[in-house]
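**Q** Which chain is which? The protein sequence lines are A and B, in order.
Each residue of the first sequence is one higher than the one before, counting from 0 in numbering that gives the first Met the number 0.
Each residue of the second sequence is one higher than the one before, counting from 0 in numbering that gives the first Met the number 0.
Since the hints were derived computationally from the structure, they do not count as laboratory data.
Incorrect hints may appear among the rest.
In silico DSBU-like cross-links for lysine-lysine, where the CA-CA straight-line distance does not exceed 35 angstroms [stated by the list, open to error]:
hint : chain 1 : residue 1 : chain 2 : residue 2
1    : A       : Lys83     : B       : Lys73
2    : B       : Lys150    : A       : Lys45
3    : A       : Lys100    : A       : Lys72
4    : A       : Lys72     : A       : Lys45
5    : B       : Lys62     : A       : Lys51
6    : B       : Lys73     : B       : Lys62
7    : B       : Lys86     : A       : Lys51
8    : B       : Lys86     : A       : Lys100
9    : A       : Lys83     : A       : Lys45
10   : A       : Lys83     : A       : Lys72
11   : B       : Lys150    : A       : Lys100
12   : A       : Lys45     : B       : Lys73
13   : B       : Lys150    : A       : Lys83
14   : B       : Lys150    : A       : Lys51
15   : A       : Lys100    : B       : Lys73
16   : A       : Lys51     : B       : Lys73
17   : A       : Lys83     : B       : Lys86
18   : A       : Lys72     : B       : Lys62
19   : B       : Lys73     : B       : Lys86
20   : A       : Lys72     : B       : Lys86
21   : B       : Lys86     : A       : Lys45
22   : A       : Lys51     : A       : Lys72
23   : B       : Lys150    : B       : Lys73
24   : B       : Lys62     : B       : Lys86
25   : B       : Lys62     : A       : Lys83
26   : B       : Lys150    : B       : Lys62
27   : A       : Lys72     : B       : Lys73
28   : B       : Lys62     : A       : Lys100
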Amino acid sequence: MFDFFENFNSDQLIPAGYNAIQFIRQWARASAAPWKFAAFEGLPPKQLELAKRIVLEIESREARSVVEIPTFKIDEYIRIISRKIQEISMRDLHGDEARGKILLDELRLSS
Amino acid sequence: MVPEPIVLYSVNTWLAFIIAERYYRGEHWVWCTPHFDPSSVPSLNYAVPPSSSPIEIYRGLRKDILSGDRHSAKIEANKTGILRGVKTKRSAGIIDGAGAAEIDSIVRASDIRDFRPMCYVIPFCLVQDRVRPAPIDQRAHPLSAEFVIEKLPRDCFDAIGLEGI
């Protein structure tokens, strides 16, 4: 699922994935307006296309609009999208979990 | 004429808060509304579904943390939001590649307790020049009062926990 993520770098995938998540969890459900897609304001064309592709992939798999998909299924998709984004983010940003633990401990102590 | 709000409310996670403090010059990106709890406001004045309200976002995060839900979709979505912030701040020159790697490392090492909710209470008079209406197609309702503040300085809001609500 979402195998096409591998064809994008984190610069494109993270903003697009974030907007797609916001759309399926909130914007599409809460809005009283009958728009098919949020405008995904501010997204450049490639990210916009990717965000829409993510939503369409979900709708295609479920054979229904995102607003008709039960919340627990939407949550599953959010988890899958987020984890894939985190994998690609780590690949591109060169994150290091061991280093992260040290930094996190410092932040916890400072607050 | 719609009166100006007195305060704005926004619910965020501790991890998002502390990253903004440490890496983004203490400037916080927030989505906010004048209504903490829509059930206390006549529905004609506030057309936002309860699930989108600050109080329900707070309750949802808190519930997942207290139940130890390691697969919380809310927390996963928050991680993606933090990573999206990394990209935005990197593009704006606020952080460099090393800073981006550090934040990515922190997100990767985080655990549930780092996503405990915090409520920001923002006096409107301090931010009226910084707020912009949320895009209409991203609001919970086209008529609802929802705002975005892209650079909210720490001295313009109080950040509180609300145990027990």
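**Q** So, for every hint listed, does it hold in this structure?
**A** Verification of the hints:
As the CA atoms of Lys83/A and Lys73/B are separated by approximately 16 angstroms, the hinted pair is consistent with the 35 angstroms bound. Note on Lys150/B and Lys45/A: the hinted pairing holds, with a Cα-Cα distance of about 26 angstroms set against a maximum of 35 angstroms. Using a Cα cut-off of 35 angstroms, the hinted pair Lys100/A and Lys72/A holds, with the two alpha carbons roughly 32 angstroms apart. A C-alpha spacing of about 27 angstroms is found between Lys72/A and Lys45/A, which places the hinted pair at or below 35 angstroms, so the restraint holds.
As the CA atoms of Lys62/B and Lys51/A are separated by approximately 31 angstroms, the hinted pair is consistent with the 35 angstroms bound. For the hint pairing Lys73/B with Lys62/B, the CA-to-CA distance comes to about 11 angstroms; that is within 35 angstroms, so the pair holds. Of the pairs offered as hints, the one joining Lys86/B and Lys51/A holds, with about 20 angstroms between alpha carbons and a cut-off of 35 angstroms not exceeded. A threshold of 35 angstroms between alpha carbons decides the hint, and for Lys86/B with Lys100/A the separation of about 21 angstroms falls inside it, so the pair holds.
Taken as a hint, the Lys83/A and Lys45/A pair is honoured in the structure, with Cα atoms around 18 angstroms apart against an allowance of 35 angstroms. A distance of roughly 17 angstroms separates the Cα atoms of Lys83/A and Lys72/A; the hinted pair therefore holds under the 35 angstroms criterion. For the given pair, Lys150/B sits about 27 angstroms from Lys100/A by alpha-carbon distance, which is consistent with the 35 angstroms threshold. As the CA atoms of Lys45/A and Lys73/B are separated by approximately 26 angstroms, the hinted pair is consistent with the 35 angstroms bound.
Note on Lys150/B and Lys83/A: the hinted pairing holds, with a Cα-Cα distance of about 29 angstroms set against a maximum of 35 angstroms. With a C-alpha separation of about 28 angstroms, the suggested pairing of Lys150/B with Lys51/A holds against the 35 angstroms cut-off. With a C-alpha separation of about 22 angstroms, the suggested pairing of Lys100/A with Lys73/B holds against the 35 angstroms cut-off. Proximity of Lys51/A to Lys73/B is assessed by CA-CA distance (about 21 angstroms); at most 35 angstroms being required, the pair is judged to hold.
Distance hint between Lys83/A and Lys86/B is fulfilled; the C-alpha atoms sit about 16 angstroms from each other, no more than 35 angstroms. This hinted pair checks out: Lys72/A and Lys62/B have alpha carbons roughly 19 angstroms apart, not beyond 35 angstroms. Of the supplied pair hints, the one linking Lys73/B and Lys86/B holds, its CA atoms being roughly 20 angstroms apart against a limit of 35 angstroms. Taking the CA atoms of Lys72/A and Lys86/B, the gap is near 28 angstroms; set against the 35 angstroms cutoff, the hint holds.
Proximity of Lys86/B to Lys45/A is assessed by CA-CA distance (about 15 angstroms); at most 35 angstroms being required, the pair is judged to hold. Taking the CA atoms of Lys51/A and Lys72/A, the gap is near 18 angstroms; set against the 35 angstroms cutoff, the hint holds. At most 35 angstroms may separate the alpha-carbon atoms for a hinted pair to count; Lys150/B and Lys73/B meet this at roughly 23 angstroms. About 29 angstroms separates the Cα atoms of Lys62/B and Lys86/B, which keeps this hinted pair within 35 angstroms; it holds.
Straight-line distance between C-alpha atoms of Lys62/B and Lys83/A comes to about 25 angstroms, which keeps the hinted pair within the 35 angstroms bound. A C-alpha spacing of about 29 angstroms is found between Lys150/B and Lys62/B, which places the hinted pair at or below 35 angstroms, so the restraint holds. Pair hint Lys72/A plus Lys73/B holds up; C-alpha atoms about 13 angstroms apart against a cutoff of 35 angstroms. With a C-alpha separation of about 25 angstroms, the suggested pairing of Lys62/B with Lys100/A holds against the 35 angstroms cut-off.
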